[in-house]
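Student: Given these sequences and hints, build the entire structure.
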Amino acid sequence: MAVGPVVAFLEGEGSDARGRSLFEVLAFDDAALERTHDFIQWLFPLPEPSGAVPDAPVLTGADMQAIHDSTLAQCAMAAATDRMEAFYRATHGWLQPHDHNHLRITRIIRSLRLLRGDGEADAFRAAILSMVEAARAPVSARSRGYWTTA
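Each residue of the sequence shown is one higher than the one before, starting from 5 at the first, in this note's numbering.
Just so you know, these hints were derived from the structure itself, not from any lab.
A virtual CB, placed ideally from N, CA and C, is assigned to each residue, including glycine.
No false leads were slipped in.
Computed beta-carbon distance windows for the label pairs:
id	residue 1	residue 2	range
1	C79	D122	14 to 20 angstroms
2	D33	A131	16 to 22 angstroms
3	H96	R146	16 to 22 angstroms
4	G55	D122	23 to 29 angstroms
Tutor: Here is the structure:
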(Lines of atoms letter the chains of each structure in order from A and count residues from 1; the text may use other names and numbers.)
(Lines give C-alpha, C1' and ligand atoms only; values in the text may rest on other atoms or scores of the structure.)
Protein backbone atom coordinates (compact mmCIF):
# COMPACT_ATOMS: atom_id res chain seq x y z
CA MET A 1 0.00 0.00 0.00
CA ALA A 2 1.30 3.43 -0.91
CA VAL A 3 1.70 6.01 1.83
CA GLY A 4 1.03 9.72 1.51
CA PRO A 5 3.35 12.70 1.73
CA VAL A 6 2.68 13.18 5.44
CA VAL A 7 4.78 10.10 6.20
CA ALA A 8 7.75 11.48 4.26
CA PHE A 9 7.25 14.83 6.02
CA LEU A 10 7.27 13.21 9.47
CA GLU A 11 10.35 11.20 8.53
CA GLY A 12 12.17 14.43 7.65
CA GLU A 13 12.41 13.53 3.97
CA GLY A 14 9.45 15.39 2.49
CA SER A 15 7.79 18.76 2.69
CA ASP A 16 4.35 20.08 3.53
CA ALA A 17 2.02 21.68 0.97
CA ARG A 18 4.02 24.93 1.20
CA GLY A 19 7.38 23.27 0.69
CA ARG A 20 8.50 23.51 4.33
CA SER A 21 10.43 20.68 5.94
CA LEU A 22 9.64 19.19 9.32
CA PHE A 23 12.74 20.90 10.69
CA GLU A 24 11.67 24.32 9.39
CA VAL A 25 8.26 23.95 11.01
CA LEU A 26 9.71 22.77 14.33
CA ALA A 27 12.02 25.81 14.28
CA PHE A 28 9.12 28.31 14.06
CA ASP A 29 9.23 30.81 16.89
CA ASP A 30 6.14 31.30 19.04
CA ALA A 31 4.87 34.22 16.94
CA ALA A 32 5.08 32.12 13.78
CA LEU A 33 3.28 29.22 15.45
CA GLU A 34 0.49 31.56 16.48
CA ARG A 35 0.01 33.26 13.12
CA THR A 36 0.56 30.25 10.83
CA HIS A 37 -2.49 28.04 10.46
CA ASP A 38 -1.45 25.32 8.02
CA PHE A 39 1.30 23.43 9.85
CA ILE A 40 -0.52 21.65 12.67
CA GLN A 41 -2.25 19.27 10.24
CA TRP A 42 1.19 18.05 9.08
CA LEU A 43 2.67 17.62 12.55
CA PHE A 44 -0.49 15.97 13.90
CA PRO A 45 -2.41 14.40 11.01
CA LEU A 46 -5.88 12.87 11.29
CA PRO A 47 -7.90 10.49 9.10
CA GLU A 48 -10.47 13.16 8.22
CA PRO A 49 -10.12 16.34 6.17
CA SER A 50 -9.29 19.58 7.93
CA GLY A 51 -12.13 22.07 8.06
CA ALA A 52 -9.63 24.93 8.09
CA VAL A 53 -6.96 23.85 5.59
CA PRO A 54 -8.32 22.19 2.43
CA ASP A 55 -4.92 20.86 1.23
CA ALA A 56 -3.98 19.34 4.58
CA PRO A 57 -3.06 15.64 4.54
CA VAL A 58 -5.70 13.05 5.37
CA LEU A 59 -4.31 9.91 6.97
CA THR A 60 -4.96 6.59 5.31
CA GLY A 61 -4.68 3.24 7.01
CA ALA A 62 -1.33 2.74 5.27
CA ASP A 63 -0.12 6.13 6.57
CA MET A 64 -1.13 5.23 10.11
CA GLN A 65 0.68 1.90 9.96
CA ALA A 66 3.79 3.50 8.43
CA ILE A 67 3.89 6.18 11.15
CA HIS A 68 3.43 3.56 13.88
CA ASP A 69 6.30 1.54 12.40
CA SER A 70 8.66 4.47 11.75
CA THR A 71 11.14 5.41 14.44
CA LEU A 72 11.79 8.69 12.59
CA ALA A 73 8.09 9.61 12.46
CA GLN A 74 7.65 8.69 16.12
CA CYS A 75 10.61 10.90 17.07
CA ALA A 76 9.23 13.72 14.94
CA MET A 77 5.86 13.54 16.65
CA ALA A 78 7.56 13.50 20.06
CA ALA A 79 9.55 16.61 19.09
CA ALA A 80 6.40 18.28 17.74
CA THR A 81 4.57 17.49 20.98
CA ASP A 82 7.40 19.00 23.02
CA ARG A 83 7.44 22.10 20.80
CA MET A 84 3.70 22.65 21.07
CA GLU A 85 3.72 22.11 24.82
CA ALA A 86 6.52 24.70 25.11
CA PHE A 87 4.47 27.08 22.93
CA TYR A 88 1.43 26.74 25.19
CA ARG A 89 3.59 27.22 28.31
CA ALA A 90 5.19 30.37 26.84
CA THR A 91 2.06 32.01 25.45
CA HIS A 92 -1.14 32.87 27.19
CA GLY A 93 -3.48 34.19 24.51
CA TRP A 94 -5.13 30.78 24.26
CA LEU A 95 -6.10 30.87 27.93
CA GLN A 96 -9.54 32.35 27.32
CA PRO A 97 -13.06 30.98 26.74
CA HIS A 98 -12.67 30.60 22.95
CA ASP A 99 -9.51 30.52 20.85
CA HIS A 100 -8.38 28.78 17.66
CA ASN A 101 -5.68 27.04 19.67
CA HIS A 102 -8.39 25.00 21.41
CA LEU A 103 -9.06 23.26 18.08
CA ARG A 104 -5.33 22.67 17.66
CA ILE A 105 -5.12 21.12 21.12
CA THR A 106 -8.01 18.76 20.30
CA ARG A 107 -6.25 17.76 17.06
CA ILE A 108 -2.96 17.15 18.86
CA ILE A 109 -4.58 14.91 21.47
CA ARG A 110 -6.53 12.92 18.85
CA SER A 111 -3.52 12.51 16.58
CA LEU A 112 -1.29 11.42 19.46
CA ARG A 113 -3.88 8.88 20.55
CA LEU A 114 -4.06 7.42 17.03
CA LEU A 115 -0.37 7.53 16.18
CA ARG A 116 1.60 7.37 19.44
CA GLY A 117 -0.78 5.86 21.98
CA ASP A 118 -2.95 6.70 24.95
CA GLY A 119 -0.04 7.48 27.26
CA GLU A 120 1.31 10.27 25.06
CA ALA A 121 -2.16 11.67 24.36
CA ASP A 122 -3.11 11.64 28.03
CA ALA A 123 0.19 13.23 29.09
CA PHE A 124 -0.24 16.12 26.64
CA ARG A 125 -3.85 16.63 27.72
CA ALA A 126 -2.82 16.60 31.39
CA ALA A 127 -0.13 19.20 30.71
CA ILE A 128 -2.65 21.45 28.94
CA LEU A 129 -5.25 21.09 31.68
CA SER A 130 -2.58 21.82 34.28
CA MET A 131 -1.74 25.09 32.49
CA VAL A 132 -5.43 26.01 32.37
CA GLU A 133 -5.85 25.30 36.08
CA ALA A 134 -2.65 27.11 37.09
CA ALA A 135 -3.77 30.22 35.20
CA ARG A 136 -7.31 29.93 36.51
CA ALA A 137 -8.20 30.39 32.89
CA PRO A 138 -11.77 30.60 31.73
CA VAL A 139 -11.36 28.02 28.94
CA SER A 140 -14.85 26.92 27.97
CA ALA A 141 -16.31 23.70 29.30
CA ARG A 142 -16.96 22.79 25.66
CA SER A 143 -13.24 22.98 24.77
CA ARG A 144 -12.25 21.08 27.90
CA GLY A 145 -14.88 18.48 27.03
CA TYR A 146 -13.41 18.00 23.56
CA TRP A 147 -9.97 17.53 25.10
CA THR A 148 -11.34 14.96 27.52
CA THR A 149 -12.99 12.88 24.80
CA ALA A 150 -10.23 13.28 22.17
